[in-house]
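Chemist: Work out the full structure, taking the sequences as your base and the hints as a guide.
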Amino acid sequence: MLKSISSGMEWLRIVSCLLVTFTILPIQQCYGQLTLDQMRIVSTRTNESHFDSMLKSILKPRIVGTATHSEVKRSIIQELKTLGFTVELDEFNQKAPHFGMLKFINIVGKLNPAAD
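First residue of the sequence shown? That's 1 in UniProt numbering, and the numbers climb one at a time after it.
I should point out that these hints are in silico values taken from the structure, not numbers from a laboratory. As the structure is a computational prediction, the values presented were derived from the model and not from experiment. One or more hints might be untrue.
Said to hold, decoys possible - Here are the simulated DSSO-like pairs of lysine-lysine, each with C-alpha atoms no more than 27 Å apart in a straight line:
hint	residue 1	residue 2
1	Lys73	Lys103
2	Lys81	Lys56
3	Lys103	Lys60
4	Lys73	Lys95
Modeler: So this is what it looks like as structure tokens:
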């Protein structure tokens with residue numbers, strides 16, 4: 001379990017770096033792998049204290065419908081907006097074992113909302 005959490009946190013760190021890089025640097029996005037020079041640029045675009053603060057705001061119990069669930073949702077939406085993303089909410093109801101029908105929300109951040 002600890003290995004998967006560590007691995008998940010590493011992926012979150014990588015994704016955060018990529019988000020910051022692609023929103024700060026005005027570069028054309030294209031399919032393919034990053035070059036070694038591009039990877040070096042991405043690796044320098046970190047802010048450890050901000051990352052730790054953001055991680056602390058989302059790594060908490062967040063059961064659908066609870067106050068902490070709403071707090072985490074607000075944190076994610078605010079961070080995406082701060083990074084320049086357009087935020088859309090995809091809301092749906094689904095039956096969950098032991099809890100019945102619950103309202104779920106996917107948070108979708110788009111850099112270019114016209115590029116559906």
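Chemist: Please work out if Lys73 and Lys95 have their alpha carbons no farther apart than 27 Å.
Modeler: holds (20 Å)
Chemist: Has the given pair, Lys103 with Lys60, been kept, meaning a C-alpha gap of at most 27 Å?
Modeler: holds (19 Å)
Chemist: Please work out if Lys73 and Lys103 have their alpha carbons no farther apart than 27 Å.
Modeler: holds (13 Å)
Chemist: For Lys81 and Lys56, compute the direct alpha-carbon distance and say whether it is at most 27 Å.
Modeler: Given that 27 Å is the threshold and the Cα spacing comes to 18 Å, the pair holds.
Every hint from the earlier list agrees with this structure, and none is contradicted.
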